[in-house]
Amino acid sequence: MGRGLIRRAIDWGTRKSPWIIHFNAGSCNGCDIEVVDALTPRYDLERFGMLQQGTPRHADVLVCTGAVTLQTRDRLIQIYEQMPEPRFVVAVGTCACSGGIFDGCYGVVGGIDAVIPVSAYVPGCAARPEAIIDGVVKLLTALKKQQKEGPIVVKAEGDEIVKAETLSGEVVYEKDKEEVSQ
Amino acid sequence: MDINSTLIAVFLFPGLLFLCAYATTLEFVDRHVYARLQNRQGPPWYQPIADFLKLMGKEVIIPAGADKTMYKLLPLVSFAAVATAFLCVPVFGPAVKAFNGDLIVVLYLLTIPTACFYLAGWYSTSIYATIGSVRALTQLFSYEVPLFMALLAPAMLAGSWSITEISAYYTANPLYVLFNLPALVVALLAVQGKLERVPFDLPEAETELAGGTFVEYSGRYYAMFRMTVDCELVVLSALIAAIFVPLSFDIWWMEVLCFFISTLLIVFVLTFIRATMPRVRIDQMVRFCWIYLTPLAMAQIILNLFLRGVVG
Chain G
1 MGRGLIRRAI DWGTRKSPWI IHFNAGSCNG CDIEVVDALT PRYDLERFGM
51 LQQGTPRHAD VLVCTGAVTL QTRDRLIQIY EQMPEPRFVV AVGTCACSGG
101 IFDGCYGVVG GIDAVIPVSA YVPGCAARPE AIIDGVVKLL TALKKQQKEG
151 PIVVKAEGDE IVKAETLSGE VVYEKDKEEV SQ
Chain W
1 MDINSTLIAV FLFPGLLFLC AYATTLEFVD RHVYARLQNR QGPPWYQPIA
51 DFLKLMGKEV IIPAGADKTM YKLLPLVSFA AVATAFLCVP VFGPAVKAFN
101 GDLIVVLYLL TIPTACFYLA GWYSTSIYAT IGSVRALTQL FSYEVPLFMA
151 LLAPAMLAGS WSITEISAYY TANPLYVLFN LPALVVALLA VQGKLERVPF
201 DLPEAETELA GGTFVEYSGR YYAMFRMTVD CELVVLSALI AAIFVPLSFD
251 IWWMEVLCFF ISTLLIVFVL TFIRATMPRV RIDQMVRFCW IYLTPLAMAQ
301 IILNLFLRGV VG
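Quick note, the sequences are listed as chains G and W, same order. So the first sequence is numbered by the numbering used here: it starts at 1 and just counts up by one. So the second sequence is numbered by the numbering used here: it starts at 1 and just counts up by one.
Each hint should be verified, as a subset may be incorrect.
Only some residues are given here: those of chain G computed to face chain W with a beta carbon under 7 Å [stated by the list, open to error]:
id	residue
1	Ala9
2	Thr14
3	Arg47
4	Gly54
5	Pro84
Distance windows between CB atoms, simulated [as the list claims (entries may be wrong)]:
id	chain 1	residue 1	chain 2	residue 2	range
6	W	Pro278	G	Gln146	38 to 44 Å
7	G	Gln146	W	Phe249	52 to 58 Å
8	G	Gly150	W	Phe249	55 to 61 Å
9	G	Pro41	W	Val60	29 to 35 Å
10	W	Val134	G	Val137	38 to 44 Å
11	G	Lys163	W	Val60	34 to 40 Å
12	G	Lys145	W	Ile8	42 to 48 Å
13	G	Pro41	W	Leu264	22 to 28 Å
14	G	Lys138	W	Ala64	35 to 41 Å
15	G	Val137	W	Asn39	18 to 24 Å
16	W	Ile3	G	Gly150	43 to 49 Å
17	W	Phe272	G	Glu160	58 to 64 Å
18	G	Lys138	W	Glu59	22 to 28 Å
19	W	Leu265	G	Gly150	47 to 53 Å
Treat the hints as calculated values from the structure; they're not laboratory data. All residues carry an ideal CB built from backbone N, CA and C; glycine is no exception.
Turn these sequences into a full structure, and let the hints steer you where they fit.
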């Protein structure tokens, strides 16, 4: 803890007002329709303070769909860098999470996390609007935990993660063990 | 008025602090009514405050080609102009700074934010922002004339350029307000253009222009611009309430109640227009303002001059 009142107020605001921008990195359009679906009055994302923004400068959450192709790779990085901190990325759909059935194609780089860091993954082909809302709300819940306890420190050997713990010393993940906590 | 009460009136009540608090309330009312008209739940009551706090804490990115001084100065200038205009508008009785001609001053102070929006788009050197700012200026030339004429016509009948005196005149003669109904319709439609809301939200046009004049703005400077627009809504609804709603009471709580009910009613009508109409094209907007609104306001002025001769 030990955060000042202003810091806590801004953290609260960040959790309560996630403005999103939607980017298609090479999707088949299935997930895009579901993302747009989630923005309609029927699902009412404004309950959580979410608004769709047209420009990356106003957005906090980049909602990405589809596997990253060679064509969109540079654009995706450019859009991500145009967003002001703090910023989060949500990968929507199986292709965005891992590359899906397009993984290994000659024109495909891979999932979104092959290019930019991703905060939340929403699998599904196509991901349902309920799953997208659930994913974003889970992201905000995790954000609250992180704001309170500080960032998670990850130790790795080569490509493999050995241990992950919070700044206060709580072990979140350890190799060769069951997952300690979510 | 001594220096302490002046400072309290300017910064706390009914000045800056009350203006910002009521602006966030009205933004919530606007968004909530909009949501209810779309048959959904809508944002929680603290949403505008959360948006403001979040934007205050975000990183500020100034584009490499932008003029840094102007980029930082314009949000402050536009906010200051609106906050100054609020001091001349009657809130709970007479205005803080009432003088003969304050109606004209308020109208011109309310033009400054639009000019700042134009310059903000121009100085951020983005093609989207430039298109948005040129549209903002084109729109300014369309709605400004009917808005001015619609607000000046009641003043002509009252025979005064002071908002407080106009309000007092219509309180004494409540039935004369019925003559001003065309002007009220013109004013409400022109205000939609001034606040850049549907059907006249062309400078922003979310789905076309990616955010309009504020495309390159982020962090606290964008928060300041948002607050400016919200405060403009407060000032304009209070101004319309003072001129067109002829109610004034001696008891203070009746006065307070009357202010809140009349401004909320005006905001509700504005939200209803926003929720039920599609966006028009810029040429349709200009044509509508010049072919329908301006002649209607002109007819109102002629009628009021005639009535002024009859009733003296």
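Do the Cβ positions of lysine 163 of chain G and valine 60 of chain W conform to the proposed distance bound of 34 to 40 Å? holds (37 Å)
Note to self: Holds or violated: the hint that proline 84 of chain G contacts chain W, with Cβ atoms closer than 7 Å.
What the structure shows: Nearest chain W Cβ about 4 Å off; hint holds.
Point to revise | C-beta pair leucine 265 of chain W, glycine 150 of chain G: status relative to the range 47 to 53 Å that was hinted | key: holds (49 Å)
Q) Per the hint of 18 to 24 Å, is the separation of the Cβ atoms of valine 137 of chain G and asparagine 39 of chain W within bounds? A) Between valine 137 of chain G and asparagine 39 of chain W, where Cβ atoms are some 22 Å apart, the hint holds.
Worksheet entry | Consistency of beta-carbon spacing, leucine 264 of chain W to proline 41 of chain G, with hint 22 to 28 Å | Check passed, 23 Å falls within 22 to 28 Å.
key: chain W contact restraint for glycine 54 of chain G - C-beta distance below 7 Å   = Holds, about 4 Å.
Verdict for glutamine 146 of chain G, phenylalanine 249 of chain W (Cβ pair) under range 52 to 58 Å | Taking Cβ atoms as reference, glutamine 146 of chain G and phenylalanine 249 of chain W lie about 53 Å apart, which means the hint holds.
message: Assuming the hint says 22 to 28 Å, is it satisfied by the Cβ distance from lysine 138 of chain G to glutamate 59 of chain W or not?
response: holds (24 Å)
Practice prompt. Using 7 Å as the Cβ threshold, decide whether alanine 9 of chain G counts as touching chain W.
Written response: holds (5 Å)
- prompt: Falls inside 38 to 44 Å, the C-beta gap from proline 278 of chain W to glutamine 146 of chain G?
  reply: Check passed, 42 Å falls within 38 to 44 Å.
*Under the criterion of a CB-CB separation shorter than 7 Å, is arginine 47 of chain G in contact with chain W as hinted?*
holds (5 Å)
Could you see if the CB distance from proline 41 of chain G to valine 60 of chain W stays within 29 to 35 Å? Roughly 33 Å apart at Cβ, these two residues keep to the hinted range, so it holds.
Violated hints for the displayed structure: none, as all numbered hints are satisfied.
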